[in-house]
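> So the protein sequences, as listed, match chains Z and R.
Note that the numbering used here numbers the first sequence so that position 13 is 13, with each residue one more than the last.
Note that the numbering used here numbers the second sequence so that position 138 is 138, with each residue one more than the last.
Careful: at least some of the hints might be erroneous.
Simulated restraints on C-beta separations [claimed, not checked]:
1) Thr7(Z) / Glu247(R): 26 to 32 Å
2) Arg28(Z) / Ser282(R): 35 to 41 Å
3) Thr7(Z) / His153(R): 52 to 58 Å
4) Ala2(Z) / Ser348(R): 45 to 51 Å
5) Leu272(R) / Phe17(Z): 20 to 26 Å
None of these hints come from the bench; they were simulated from the model.
For glycine and all other residues, C-beta sits at the position ideal for the given N, C-alpha and C.
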Amino acid sequence: MAKAFYTVFSFLFLITFSVSIHYVATDRVSATNSLSAVAGLTRMGSLSLSVAYYEPRVQRIEKANNIIYPEMMSIDRMDFVYEN
Amino acid sequence: MRTSPFFHFLMLGFFKERKKHIGVIAISLVILFLLGSALFISSSIRYSLNQTLAWEPDFVVQRTQGGQKVNAPTAWIDDLLEVHGISKVTPRVYGRYFFKAKENSFLIVGVDFMDEQSNKALRMMMDETDLKQFLKGDNMLVGEGVSTHLKTHFYPNGYTFLTPKGVFKKVNLFKVLPKKSNLISNDMIIVPIELAREILGMGEDEVSDIALNVPNDDEWDNVADKISAFYYDIHVTTKEDIKKAYENLYNYKGGVFLILFLIVIVTFVLILYQRYSMVYSSERRHIGLLRALGWSIRDVLKLKFFETMMIVVIAFVLGVALAYLYVFVLGAPLLREIFLGGANLPNSVILVPVLDFGILSSIFLIYAIPFISAVLIPTWKIAVTDPKEAML
């Protein structure tokens, strides 16, 4: 039974080790630079949300608006997601 | 440890009852995986957005009408430049362009490429870009989502925009923005500012809003007051507002995530109840037997503590590791749509691995302490009773 214990915990250690290696080895700088370059170029850092036509795309600026079915308008997802 | 009878007995009990433990580990693993995935995605997005904060303007000045944002006059720029302490006043021109009415849309952003910051950022983004060649004709830089969408609709080299005046405007696709910037640029089309005005149907004396910087942080409040006093229909957004919004992004205050956390907590309470009642029913005899054989209360509690700790550690490590793999290696398919939406262009973002050890340790403690308590409390209650009664 001790063998089973060592096998299970060696497996867990291996998983933790692999995650640590991936975490340390990931190149964060180039990803951050790309984002910063676009933000610097456009002076906009708004998330590229894949939204329907009546949902706001640029946060804190646009507001949800459905002129066709105002009474049928779904609960605004962005209102859920972001604290106003 | 290998020769310890206690350890041997613990292992014997644990692996003999493995079917029972696997069930608990599996349910805990699913909960921890879901919770871990949601927290990993949100912390990664928050981290990436915070990195872009340095490039964002200190203030954004907008014109509002009936609560809606409308285009601001360029004359405001001159008024703003007169305020002491303000630097880098940049007009922003942007808006959504619908590929088909009410279907897919792109975000058109007009950029003044002669502006120092824009020029520097452009060169940082793609060294080989020849700015002169780019400015020579009507060219655009597009995000990966736009590029894919145009290609699938047979526009591999450019697109002919229909302006609000009914005029067709052909724009060449000059370059696709790097995939690593998809988080903010997936549906973006960057064009020279004049071209953006033409496509969006804006007048030469109009801008979407005005961005400006105030280098001295101490003057921010003062400058915000001064700007607000200029016009009655002015709205000022500060970088602090944006920072606050990023901090609160996808946290427990958001409705969807509040629901997620509530579901997780309710499921977890059910697991705890199951453990609690299991100890009372099926393990009652076992604990009584151990006590009758001369085990002290302390030994019984120690045995149950280590047994539960093993379950907790296995479930936690596997749950968190699977969440990490799912989010940062596989890119969180399906779940990322909850965060970024899926109604417009598909967005395959690269999520930068971010491990918030504060959150991880909180999850562990929130999971481990009630779980261990749900086993140890009934165990102690049974262990302190007479073994004869316990075995009945």
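> All hints are to be evaluated individually against the structure, with a verdict given for each.
Verification of the supplied hints:
1. The hint said 26 to 32 Å for the Cβ distance between Thr7(Z) and Glu247(R), and at roughly 43 Å that hint is violated.
2. Checking the proposed 35 to 41 Å range against Arg28(Z) and Ser282(R) shows it is violated: the Cβ atoms sit about 49 Å from each other.
3. Range check, Thr7(Z) to His153(R): about 54 Å between beta-carbon atoms, so the 52 to 58 Å window is met.
4. The hinted window of 45 to 51 Å between Ala2(Z) and Ser348(R) holds, with their beta carbons roughly 46 Å apart.
5. Our hint of 20 to 26 Å for Leu272(R) and Phe17(Z) is violated, since their Cβ atoms are close to 31 Å apart.
Hints 1, 2 and 5 from the list above are not met by this structure, while the remaining hints are.
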